[in-house]
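Peer 1: Chain order of the listed sequences is A and B.
Counting from 1, one number per residue, gives the positions in the first sequence under my numbering.
Counting from 1, one number per residue, gives the positions in the second sequence under my numbering.
A couple of the hints might just be wrong.
Said to hold, decoys possible - Estimated spans, in silico, between C-beta atoms of each pair:
| no. | chain 1 | residue 1 | chain 2 | residue 2 | range |
| --- | --- | --- | --- | --- | --- |
| 1 | B | GLU295 | A | CYS264 | 46 to 56 angstroms |
| 2 | B | LEU372 | A | LEU303 | 22 to 32 angstroms |
| 3 | A | ASP187 | B | GLU228 | 44 to 54 angstroms |
| 4 | A | GLY74 | B | VAL53 | 44 to 54 angstroms |
| 5 | A | GLU222 | B | PRO362 | 23 to 33 angstroms |
Said to hold, decoys possible - Straight line, CA to CA, 20 angstroms or less: simulated DMTMM-like cross-link-like pairs of lysine to aspartate or glutamate:
| no. | chain 1 | residue 1 | chain 2 | residue 2 |
| --- | --- | --- | --- | --- |
| 6 | A | LYS249 | A | ASP293 |
| 7 | B | LYS63 | A | GLU127 |
| 8 | B | LYS344 | A | GLU222 |
| 9 | B | LYS62 | A | GLU302 |
| 10 | B | LYS62 | A | GLU283 |
| 11 | B | LYS353 | A | GLU302 |
| 12 | B | LYS344 | A | GLU302 |
| 13 | B | LYS359 | A | ASP293 |
| 14 | B | LYS348 | A | GLU283 |
| 15 | B | LYS288 | A | GLU42 |
| 16 | B | LYS348 | A | GLU304 |
| 17 | B | LYS348 | A | GLU310 |
| 18 | B | LYS353 | A | GLU182 |
| 19 | B | LYS353 | A | GLU222 |
| 20 | A | LYS223 | A | GLU204 |
| 21 | B | LYS63 | A | GLU302 |
| 22 | B | LYS348 | A | ASP293 |
| 23 | B | LYS348 | A | GLU42 |
| 24 | B | LYS348 | A | GLU127 |
| 25 | A | LYS262 | B | ASP349 |
| 26 | B | LYS63 | A | GLU310 |
| 27 | B | LYS63 | B | GLU320 |
| 28 | B | LYS62 | A | GLU127 |
| 29 | B | LYS353 | A | GLU318 |
What the hints assert, rightly or not - These stretches of chain B come out as covered by chain A in the derived footprint (C-beta under 8 angstroms, 3 or more residues):
| no. | segment |
| --- | --- |
| 30 | 30–43 |
| 31 | 146–157 |
| 32 | 213–225 |
| 33 | 320–329 |
| 34 | 347–359 |
Just so you know, the hints here were simulated from the structure itself, not pulled from any lab data.
All residues carry an ideal CB built from backbone N, CA and C; glycine is no exception.
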Amino acid sequence: MANLTLVQAINLALVQEMEKDDRVIILGEDVGLNGGVFRVTEGLHKRFGGDRVVDSPLAESGIIGTSVGLAMAGLRPVPEIQFEGFLGPAYDQICTHAARMRTRTRGALTVPMTIRVPVGGGIHAPELHSDSPESIYTHTPGLKVVMPASPYDAKGLLISAIRDPDPVIYFEPKRIYRAFREEVPEDEYTIPIGKARVVAEGEEMTVISWGASVVQCMSAIEKSDRSIELIDLRTISPIDMETIETSVKKTGRVVIVHEAPKTCGVGAELSARIMEHCFLYLEAPVQRVTGFDTIMPYYKLELEYLPDTERISKAIDEVAVY
Amino acid sequence: MQQSGSMQPEAEPTPPQVQQAGRDETSALLASLPMDTVNHWLREMMLIREFEVRTMQAYQDKKIGGFCHIYIGQEAVAVGTIAAITPEDPVVTAYRDHGHALARGMDPKYCMAEMYGRIGGCAKGKGGSMHMFDKANNFFGGHGIVGAQCPLGAGLAFATKYRDEVINKERSKHVTLCFLGDGALNQGAVHEAKNLAGLLDLPVIYIVENNGYSMGTAISRGTTVGHEITRKADAYGIESAVIDGLDVLSVYRDMKPLVEHCRQTSRPAFVDMRTYRFKGHSMSDPRKYRTKDEEAQYELLDPIARLSKAMINNQMLTDERFKQIGKEVRQEVREAIKWSVASKPPGKDELYKDVYVEKWGPYTGTSLPEMLGGDES
Ligand SMILES: Cc1ncc(C[n+]2csc(CCOP(=O)(O)OP(=O)(O)O)c2C)c(N)n1
Ligand SMILES: [Mg+2]
């Protein structure tokens, strides 16, 4: 057991999977000698060499497209994209190749690739360095989308992602890269993809969130004297409806919290599904606390944009007394 | 597996340097130029330098957030190239953009206020360091995605040509400058843009500010034929030049005929502009990928020291005047900071502004920044 940050937990998972499986290789801009912009791949180049930790040119479409080829040929590439905003140039390869290869070849060719990419705001960076585009990829059949909210989950989820036979986008909430530490076992363990985590149990309300917002939700719940159940989705696609349904049928009230813009955000999908599955159990309309339907502004307005404890608390109170 | 694809002749320890103008050549160049012009260039470069030094301080004092890419070392590129075009010619670049904005004539206060995140900034304090714009001066930004500005450059050139030839029924008479880094050369968008520009005869000059590094990746480690990137212009039938970007006189001397040639022929060009960034990639860069020796070697080629020394040697500048200019630019940047600090941060209402032209739903329309006569202040 070691007390690790999210960054260290990811690094540990990479080391262990690379030790175990020589099909696992890393590609990305400055991931080798420099250890990555956020130092997530620190030490890996030294340990595994340039054949397995490849410093790529500045070319996201090339990085992901090459990884798709590697994966089709049976390797397990774990490419890194430096910021979520730079998924743009790679979008074509992700959505037209990675996501569809299994279907297109009716299972003959698959893409066991894990794209690691920092996501979200809270570090004073401007647009393209603070965005939350998870719903774009959730809307793309064929991809799996995960986002850990704790070091423990980060390690277990990454191992599952790397071993998964299908392409996974592994979003790393950069705001909590080093925000806190947690006990992370040295031993191997996995967190299954598609399984949410009940962070806190409660009776009166269900709060659903993922990524860095989970931390905000925790503090809002601590401040409240109501009995609130907090679900960290962990996997955004496929959504763990079982856990959500069980909780919502118990509480009858739901608040969904995410950083991404509201319109067509994952909260919209959750809300619709809750309506479909739990309509007769609902005591109040589902509320969403989200980023706004605008471009992430530079840092003076950043904290206005991100859902904070205050906005979450307000939603909790409104839904509770509806 | 050996990484041999870079096809470098021999591993080159430093970014490739170019032949520097000799003393006599420099004197001849100086003699051929109006005194005011050269003085103006010196002042511009010193202004950019001072601006960047103060930007770094403000960043360290946490007055500036996010990522901040400093132009120190590369001043001669923006100043010398922009001196070779007219105010009507479009200019576009990526995120290392303060120098281009200032050289294009943007008032430093709008630039600084942007970084301070104030409403008076050129993007109303909602864009930050990477997002400088000055439409009045035909400066089209300031964009964060590496390489993605290059197709924009092609489009800007297409537009001037279309306007000149098709709408105004004249000869194409504008030239667009599109700046990019050496790392950007590896982006697909750059290649698409070059092909388009070559194919459609677009008067755009792609200026590669070749400072030898793409973040921590030396050009020889990330780019094929990195020692001779002009071959990447040959491939598209585009003319090219290699220019000493650490000397503003050389930059101007070589750019001026190239610009005029592109203007005359309405054709693209490509420049391997050899330069060096004296500071880190961004403000959080320990620079472990290069040696102190290498940095020292380039610092000897400091474009400001080079020009001022040459001017002094040729009796075009006195020590006193040099100090005086230093004082003036310090004052100018101080004023810019003062102005920025006095400008307010954008209010909450700004979140839903500038997304669409009209008001609908939560959107509150658009209001231009103060520098374009908007009412935000
Ligand atoms: C598409 C994209 N990928 C990655 C980045 C992150 N990034 C910003 S600058 C940079 C290096 C660019 O190097 P170069 O083109 O040589 O320009 P320089 O920084 O030297 O001016 C990288 C990787 C980005 N902004 N956009
Ligand atoms: Mg560079």
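Peer 1: Does the segment 146–157 of chain B contain three or more residues whose Cβ lies closer than 8 angstroms to a Cβ of chain A?
Peer 2: Since three or more residues must qualify, the claim that chain A covers the segment 146–157 of chain B holds, with 3 doing so at under 8 angstroms.
Peer 1: Check whether the Cα positions of B/LYS63 and A/GLU302 lie no farther apart than 20 angstroms.
Peer 2: holds, 15 angstroms
Peer 1: Next pair to validate is B/LYS348 with A/ASP293; report whether the Cα-Cα distance is within 20 angstroms.
Peer 2: The given pair, whose Cα atoms are some 14 angstroms apart, holds under the 20 angstroms limit.
Peer 1: Starting from B/LYS344, check that the Cα of A/GLU222 is at most 20 angstroms away, please.
Peer 2: Violated - the C-alpha atoms of A/GLU222 and B/LYS344 are around 35 angstroms apart, more than 20 angstroms.
Peer 1: Would you mind confirming whether the straight-line C-alpha gap from B/LYS288 to A/GLU42 stays at or under 20 angstroms?
Peer 2: holds, 13 angstroms
Peer 1: Is B/LYS63 within 20 angstroms of A/GLU310, Cα to Cα?
Peer 2: violated, 25 angstroms
Peer 1: Hint check: B/LYS63 vs A/GLU127, CA-CA at most 20 angstroms. Holds or violated?
Peer 2: It holds: about 18 angstroms lies between the C-alpha atoms, which stays within 20 angstroms.
Peer 1: Tell me if chain A covers the segment 213–225 of chain B under the three-residue, 8 angstroms CB rule, please?
Peer 2: Three-residue rule met by the segment 213–225 of chain B, so holds; n is 7.
Peer 1: Below or equal to 20 angstroms on CA atoms is what counts here, so check B/LYS353 against A/GLU222.
Peer 2: The hint is violated at about 35 angstroms.
Peer 1: Between the segment 30–43 of chain B and chain A, are there enough contacts, at least three residues with CB-CB distance under 8 angstroms, for the coverage claim to hold?
Peer 2: violated (count 0)
Peer 1: Between B/LYS348 and A/GLU127, does the CA-CA distance stay at or below 20 angstroms?
Peer 2: With a Cα-Cα distance of about 17 angstroms, the restraint between B/LYS348 and A/GLU127 holds, given a limit of 20 angstroms.
Peer 1: For the pair B/GLU295 and A/CYS264, does the Cβ-Cβ distance stay inside 46 to 56 angstroms?
Peer 2: The hinted range 46 to 56 angstroms holds for B/GLU295 and A/CYS264, with Cβ atoms some 48 angstroms apart.
Going through the hint list in order, the structure does not satisfy hints 6, 8, 10, 14, 18, 19, 23, 26, 27, 29, 30 and 33.
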